[in-house]
Amino acid sequence: MASLLENLIDVLDCENTQYEKLLELAESKTPAIVSGDIESLGKITEDEQEIVGKIQGMEKQRDKYLADIADVVNRDVETLKLIDLIQMLDKMPDQQQKLETVQKRLGATITSLREVNDKNQMLLTDRLEMVDFNLNMIRAMKSAPQTANYSKNAYTNGQSLGIFHGGFDAKQ
-18 MASLLENLID VLDCENTQYE KLLELAESKT PAIVSGDIES LGKITEDEQE
32 IVGKIQGMEK QRDKYLADIA DVVNRDVETL KLIDLIQMLD KMPDQQQKLE
82 TVQKRLGATI TSLREVNDKN QMLLTDRLEM VDFNLNMIRA MKSAPQTANY
132 SKNAYTNGQS LGIFHGGFDA KQ
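Per the working numbering, residue -18 is the first one in the sequence shown, and the count goes up by one each step.
One should not assume that every hint holds.
Straight-line Cα separation of at most 20 Å, DMTMM-like style, residue types lysine to aspartate or glutamate; simulated pairs [claimed, not checked]:
{"no.": "1", "residue 1": "Lys100", "residue 2": "Glu8"}
{"no.": "2", "residue 1": "Lys35", "residue 2": "Asp(-6)"}
{"no.": "3", "residue 1": "Lys24", "residue 2": "Asp44"}
{"no.": "4", "residue 1": "Lys79", "residue 2": "Asp49"}
{"no.": "5", "residue 1": "Lys41", "residue 2": "Asp(-6)"}
{"no.": "6", "residue 1": "Lys79", "residue 2": "Asp65"}
{"no.": "7", "residue 1": "Lys2", "residue 2": "Glu27"}
{"no.": "8", "residue 1": "Lys100", "residue 2": "Glu29"}
Computed beta-carbon distance windows for the label pairs [to be verified]:
{"no.": "9", "residue 1": "Gln102", "residue 2": "Glu81", "range": "13 to 21 Å"}
{"no.": "10", "residue 1": "Ala121", "residue 2": "Gly23", "range": "26 to 34 Å"}
{"no.": "11", "residue 1": "Glu59", "residue 2": "Ser9", "range": "36 to 44 Å"}
{"no.": "12", "residue 1": "Ala89", "residue 2": "Gln68", "range": "30 to 38 Å"}
{"no.": "13", "residue 1": "Lys45", "residue 2": "Leu109", "range": "36 to 44 Å"}
Hints in this document: simulated from the structure, not taken from any laboratory. As the structure is a prediction and not an experimental result, all values here were calculated from the model. Ideal Cβ placement from N, Cα and C applies to all residues, glycine included.
Make a model of the complete structure from these sequences and hints.
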């Protein structure tokens, strides 16, 4: 049982390390979102995907260790939580302390990551709303009403308000 607990503690510690790396990337994503740096966002997202792949592998290991521990303590693996396991380790205070410490660190890291991701989500939503607003403004400008300018034959000359119908001016 002790070796299973050590393996579980090690994999949880490694998971926490990966989540901390993910947190650093999420924090570095914030200025990239604010500045609209698409290249940096792409690179950060690639790095995040790599770390998420590692975390998924570690989660499989963690689930395997928890299943093995559940068999040893004769508990259902579906209902066995880390909190329950920590409480069951009264006779193994060293293991109990290590497991509790790593569980708290992992929880704090995930909470911080969730907060940063929520902030980044809000920034992205605001950014998308601004892009949508700008697109709507451009569309509205192209469909602006015609002016009331008439030619000498009493026909409207077809000019629109605020519209430059020319192409790109390379001289500017």
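Hint check for Ser9 and Glu59 - Cβ pair distance inside 36 to 44 Å
holds, 37 Å
Are Ala89 and Gln68 spaced within 30 to 38 Å by their CB atoms?
Since the Cβ atoms of Ala89 and Gln68 sit about 20 Å apart, the hinted range of 30 to 38 Å is violated.
Holds or violated: the 26 to 34 Å window for the beta-carbon distance between Ala121 and Gly23?
holds, 31 Å
Sort out whether Asp65 lies within 20 Å of Lys79, counting only the CA atoms.
This hinted pair holds, its Cα atoms lying about 14 Å apart.
Between Lys2 and Glu27, is the straight-line Cα distance small enough, at 20 Å or below?
holds, 13 Å
Are Lys45 and Leu109 spaced within 36 to 44 Å by their CB atoms?
holds, 41 Å
Does the structure keep Lys100 and Glu8 at a Cα separation of 20 Å or less?
Holds, at roughly 10 Å.
Quick one, are Lys79 and Asp49 close enough, alpha carbons at most 20 Å?
It holds: about 19 Å lies between the C-alpha atoms, which stays within 20 Å.
Keeping to a limit of 20 Å between CA atoms, is the pair of Lys100 and Glu29 held or broken?
Between Lys100 and Glu29 the Cα gap is close to 17 Å, so the pair holds against 20 Å.
Tell me if the beta carbons of Gln102 and Glu81 are separated by a distance inside 13 to 21 Å.
Taking Cβ atoms as reference, Gln102 and Glu81 lie about 31 Å apart, which means the hint is violated.
Hinted pair, alpha-carbon criterion (20 Å max): Lys35, Asp(-6). Please report holds or violated.
holds, 13 Å
Below or equal to 20 Å on CA atoms is what counts here, so check Lys41 against Asp(-6).
Between Lys41 and Asp(-6) the Cα gap is close to 14 Å, so the pair holds against 20 Å.
Figure legend: structure checked against the earlier numbered hints; hints not met, in rising order: 3, 9, 12.
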